[in-house]
Amino acid sequence: MGSVVAMPEPIESERRESSSARVPAVAPGRAIVYTRYDEEKSVVINPDDFHRLATLDSDLAELALEPIEMSDLALEAHRLEGTPGVPVEDPARIEALLGL
Amino acid sequence: MTARVPGDLAGTVRWAVVPYAPRPPFRIYGGPQRAPYIVDDVERLINASRKGGDADLTYLVPSKARPVLILNNPPRTEHQEVTALRLLRLSKIADASQQERIRQQLDPLLFHLDPARFGLPEENAAIVSALVTIHVDAISAGEMLGSLNTHEMRALGERIINFYGFDTRLLVERTIRALAARRRVREGP
Numbered sequence: 001m002g003s004v005v006a007m008p009e010p011i012e013s014e015r016r017e018s019s020s021a022r023v024p025a026v027a028p029g030r031a032i033v034y035t036r037y038d039e040e041k042s043v044v045i046n047p048d049d050f051h052r053l054a055t056l057d058s059d060l061a062e063l064a065l066e067p068i069e070m071s072d073l074a075l076e077a078h079r080l081e082g083t084p085g086v087p088v089e090d091p092a093r094i095e096a097l098l099g100l
Numbered sequence: 101m102t103a104r105v106p107g108d109l110a111g112t113v114r115w116a117v118v119p120y121a122p123r124p125p126f127r128i129y130g131g132p133q134r135a136p137y138i139v140d141d142v143e144r145l146i147n148a149s150r151k152g153g154d155a156d157l158t159y160l161v162p163s164k165a166r167p168v169l170i171l172n173n174p175p176r177t178e179h180q181e182v183t184a185l186r187l188l189r190l191s192k193i194a195d196a197s198q199q200e201r202i203r204q205q206l207d208p209l210l211f212h213l214d215p216a217r218f219g220l221p222e223e224n225a226a227i228v229s230a231l232v233t234i235h236v237d238a239i240s241a242g243e244m245l246g247s248l249n250t251h252e253m254r255a256l257g258e259r260i261i262n263f264y265g266f267d268t269r270l271l272v273e274r275t276i277r278a279l280a281a282r283r284r285v286r287e288g289p
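Here the protein sequences come in this chain order: A and B. Position 80 (the first sequence) corresponds to 80 in my numbering; numbering is contiguous. Position 189 (the second sequence) corresponds to 289 in my numbering; numbering is contiguous.
Treat the hints as calculated values from the structure; they're not laboratory data. Glycine residues also receive a C-beta, built at the ideal position from the N, C-alpha and C atoms. You may find that some hints are simply not true.
[As the list claims (entries may be wrong)] The following residues of chain A were derived to be distant from chain B, with all beta-carbon distances above 12 angstroms:
hint, residue
1, P24
2, A25
3, R30
4, Y34
5, Y37
6, I45
[To be verified] Covered stretches of chain B, going by a simulated chain A footprint (3 or more residues, C-beta under 8 angstroms):
hint, segment
7, 123-133
8, 146-153
9, 156-170
10, 174-184
11, 269-281
Next comes chain A alone, as it looks inside the complex:
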């Protein structure tokens, strides 16, 4: 299961000049994983792959968030079956009902 990692929604990207860091070029379909003390720190991928994944992420977010609206009929069903009526609290009636 592991911990629940906080993640911005959706992924926010930040543009930087590649001259500001020695970033290698990466071919499509490949990724370079940078580690520090065996922990994954950063991943460099090809821009086409990044845009493909970002688009997929965005599409998935749109498709996954299509809640069913509560219809007037469903609302009526709740009113009919989910609202208590006047309860029977008269001992004689309760005893008759329960056969006591």
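Based on these hints, arrange chain B on the given structure of chain A.
The following block gives chain B in isolation, referenced to the frame of chain A:
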């Protein structure tokens, strides 16, 4: 009672009055002049309902004021019921190693709530298998005690679906097809 504006409850922890699941022996209120009727047999109550024209009885159900994690907003202003999860106080778990498992999110049915982010009297975890329905008027209108972010709500939703065994195969398939269709449109013939 004024209806709450939908949209302010999902993912928040708030105080509420929450009933326990009714179970035998059932205690039935019979007015102020006598002690409650005690009925052990659920079939007797079901038969009485079938014979008695759907009569409502007042069951005396133990309930408790407690913080809960609310999962959704009221769907409409006319329908003010929401679902929520009961919370577990970690101090109730005697075994320190089990407490640590919960903190590390290693038990899928106990969703740890970081005490630094939730103004609860003590450290808690939401019990994924303790789903309850609550009327909005039974929830405190006071300040929320904290909230989950979008990613945490997604992870929690996944655990709830898995625990209750909701079969999402068709939903997943439909989503994959929709994604593929979008991709085809984007990439052209």
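Evaluation of the provided hints:
1. Residue placement check: P24/A keeps its beta carbon more than 12 angstroms from all beta carbons of chain B (closest about 28 angstroms).
2. Every CB of chain B lies more than 12 angstroms from the CB of A25/A, the least distance being 24 angstroms, so the non-interface label holds.
3. For R30/A, the requirement that its beta carbon stay farther than 12 angstroms from each beta carbon of chain B is met, with the minimum near 21 angstroms.
4. Every CB of chain B is more than 12 angstroms from the CB of Y34/A (nearest about 23 angstroms), matching its label as outside the interface.
5. No beta-carbon of chain B comes within 12 angstroms of the beta-carbon of Y37/A; the shortest separation is about 20 angstroms.
6. With a least beta-carbon separation of about 18 angstroms from chain B, I45/A lies farther than 12 angstroms from that chain, consistent with its non-interface assignment.
7. Only when three residues or more bring their CB closer than 8 angstroms to a CB of chain A does the claim for the segment 123-133 of chain B stand; here the count is 5, and the claim holds.
8. With 3 residues having a beta carbon nearer than 8 angstroms to a beta carbon of chain A, the segment 146-153 of chain B meets the requirement of three or more and the stated coverage holds.
9. Given as covered by chain A, the segment 156-170 of chain B passes the check, having 3 residues with a CB less than 8 angstroms from a CB of that chain where 3 are the minimum.
10. Residue count for the segment 174-184 of chain B with a Cβ under 8 angstroms from a Cβ of chain A: 5. That meets the three needed, and the coverage hint holds.
11. Three residues within the 8 angstroms Cβ limit are the bar, and the segment 269-281 of chain B against chain A gives 3, so the coverage statement holds.
In summary, the structure agrees with every hint in the numbered list given earlier.
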